[in-house]
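*Asks:* Single-letter residue listing:
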Amino acid sequence: MAITQLSVFLENSPGRLAEAVRIISDAGVNIRAMSLADTKDFGILRLIVSDADKAKETLSSNYIVMETKVIAVKMDDQAGALNNILQALEKAQINVEYMYAFTGAEALSAYVILRVDDLENAETVLAESGLQTLTDDKLRAIL
Amino acid sequence: MKNYYQKEIETAPREKILEIQNEKLRKQIRHVYDNVKYYRDLMDQKGVKPEDIRTVDDIKFLPFLSKADLRDAYPYGLLGTDLKNCVRIHSTSGTTGKRVVAFYTQNDIDIWEECCARAIVAAGGTAEDVCQVCYGYGLFTGGSGLHGGSHKVGCLTLPMSSGNTERQIQFMMDLGSTIICCTPSYAAYIGETLAEMGYKPEDNKLKAGIFGAEPWTEEMRRSIEKSLGIKAYDIYGLTETSGPGVSFECEEQTGMHINEDHFYAEIIDPDTGEVLPEGSKGELVFTALDKEAFPLIRYRTRDICTLSRKECSCGRTHVKMSKPMGRSDDMMIIRGVNVFPSQIETVLLKEGYTPNYQIVVDRERNNDTFDVYVELNPDQFSDKVSDIQNRERSLEAAMRTMLGIGPKMHLVAPKTITRSEGKAVRVIDRRKLHD
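Chains as they are written, first to last, in my numbering: chain A, 1 to 143; chain G, 144 to 578.
Worth flagging that the hints you see were computed from the coordinates, not collected in a lab.
All C-beta atoms in this analysis are idealised placements derived from N, C-alpha and C, irrespective of residue type, glycine included.
There's no promise every hint is true.
As the list claims (entries may be wrong) - Per label pair, the in silico range of CB-to-CB distance:
hint, chain 1, residue 1, chain 2, residue 2, range
1, G, T559, A, E128, 44 to 50 Å
2, A, E19, G, G267, 43 to 49 Å
3, A, S50, G, T561, 32 to 38 Å
4, G, R536, A, S61, 36 to 42 Å
5, A, K69, G, E271, 36 to 42 Å
6, G, S529, A, D136, 24 to 30 Å
7, A, S50, G, T512, 40 to 46 Å
8, G, E309, A, G28, 26 to 32 Å
9, A, S61, G, K159, 56 to 62 Å
10, G, G547, A, E19, 38 to 44 Å
11, G, R573, A, Q78, 38 to 44 Å
Start from the sequences and build out the full structure, keeping to the hints where you can.
*Replies:* Below, the structure is given as C-alpha cells:
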C-alpha cells in the first residue's frame, strides 16, 4: 500500500527551506521523514508528515505543493536489508526514481521510502517477497 | 449601430482625410518654422523651406527628430508656443534612461482626450459604463489620457491609478467596473490575483480592457481575455506625441487605427531614413499635425511595425498600424543576435507558461550570458528533478528555434519574479554596467 508524500517546489536561495519548515511547524504538523533534492536554481522538498492534508493546505498559499504516492517498506536494521528490497524490484524491472530512509519508533527497524515508475507492480512484488509496506493509517500508528 | 465617438471623421473617405492632413500640415510646418528655432535650424541645414511642403507627400523632404534631439532641446527647445499658453506637462517614465518632458496647451489636451475617447468607444464604451483607470496618474500620460477620454465618453470614471491591487479588486467588484485601462502586465497580475482570491472570470462585470504603454503579444492578449473574461483592446501612444490614443484597436483586433486627422504616420528604413512603401516593416515616424505646445515633426518612435490601409470591417478609414514588434530601444543584441523580449514572451505563452518572466543578460569573460527566468505553473510541477530539467531543456530548444540563440532557462517558484504595477521590468542587462 502506498503512502502520501508531499513535494514542495522551493527556490534555491537562503531561507526558503527554513520558511517552509516554519509554516509546517506553525500548523502543528510533525515531519516524519524528509529529503531534499536540489539543483543550482531550485529544490524539491519531499516530506512525510503526520497530517498531509493540513500541511498541504497551509503550504499551498505560498508554494507549489503536490501529493505523490510513494511506498514505505519496512526493513530490518541489518546488513543486506535494503539489498533485498532493491533486488526484488530489479527482478521485476521496476525503476526507482528516488529513495530515502528513516528509522521508526520500533527498535532495530527502519523504513525506506521509494518512488517507483510502477507503483502497483512494485507493491505486488514486495508483498510476494514477504516485505512489509506501510499504509497512511499504519504510518500514523507507528510514529 | 457601430461604436464611434466622432463618426464623421473616423469614417471619412480617404480623400477627405488627405485634404485635412495637407491643410493642417502646411499650417503646422509654417508655424513650427516661425516659432521653433531648433527645428528651423534643422530645416535650414537641409535647405527646406515651409513653402516646399504642400502635401503629405512632401513630408519626406523634412528632417527627422529623434530622442537625442529631445534631449538636446530639453526642456524648452522644442516648445511651439509661449509657456503662458501651456497648461500641463507630462514626462516619460525614463525606462530607457532618457527622460522627455512634453508640454500641452488646453487645446492639445482636448484633442488628446478625444483620441482616448475614440479608443474607449471603439472598445464598446458608452456613458453607461464604469471605467476603472489603473494606469499611473501623475507625470506618466497613461492615467491622465484615459481618465480624460473616459470623462469625454461620459463613463463613471474610477481614478484608481496603479497599485494596491486588493483595493483595485474591491472597487471593481463593489462598483461593477465594466472597462479597465492599465498596462497589460498589470492586467495579467490583476487576473492572477482575482483567481487567487477565488473569483472566476464571470464573477466580475468587466467587458473590455484597454491596454498599452508596453509591448505585449497576441498570446498574452488571449491569456488576459481568459483570466478577466473580457475583450482586450490595444492602445498605442507615446509621451512625445501626447500619450495613449495616437492609435487604438477596434473590435477587429487586427491592428490599431491611427488618428490620422491629428497624426501623420510614415514607415522608414531605420538605417537609411528612406520612406518605405505600405506594408513594409520598418520604423514608425509621426508628425503631429495640430499640436500647439510640443509640435514634433517626423519624430522617430524607434517602434518597428507595419502600416495597412486594408479596408476594416469596423468602418473606420484611418490607417492601421500593427502591434509594434518591439521598440528598437528594447532590442537586445546578444552574442550578435537581435532579440526582442516579445519573442521570448511569445514562446513562453505558447508553451503554457505564465507571462511572469525576467531576462538577464550579462557578460562573463567577454561572452554574453543569457538567462530567462519564468515562474512554473502549479500544474506543471513534478516532484522529479529530471522532469523539471527536461522542461527547461525543451523551453531552451523552443527559444533557440524562435530566436536563433538559446538562453539558459530557469523555472522558478510562483511569485518570485517581482510584479509590476506599471511598466514591467522584463530585462536586466548588466552588461552596461561594465562598459
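*Asks:* Decide, hint by hint, whether the structure agrees.
*Replies:* Structure-based check of all given hints:
no., hint, result
1, G:T559 / A:E128: 44 to 50 Å, "holds (46 Å)"
2, A:E19 / G:G267: 43 to 49 Å, "holds (45 Å)"
3, A:S50 / G:T561: 32 to 38 Å, "holds (36 Å)"
4, G:R536 / A:S61: 36 to 42 Å, "violated (31 Å)"
5, A:K69 / G:E271: 36 to 42 Å, "violated (54 Å)"
6, G:S529 / A:D136: 24 to 30 Å, "holds (27 Å)"
7, A:S50 / G:T512: 40 to 46 Å, "holds (45 Å)"
8, G:E309 / A:G28: 26 to 32 Å, "holds (29 Å)"
9, A:S61 / G:K159: 56 to 62 Å, "holds (59 Å)"
10, G:G547 / A:E19: 38 to 44 Å, "holds (40 Å)"
11, G:R573 / A:Q78: 38 to 44 Å, "violated (56 Å)"
Hints 4, 5 and 11, counting from the list given before, are not met by this structure.
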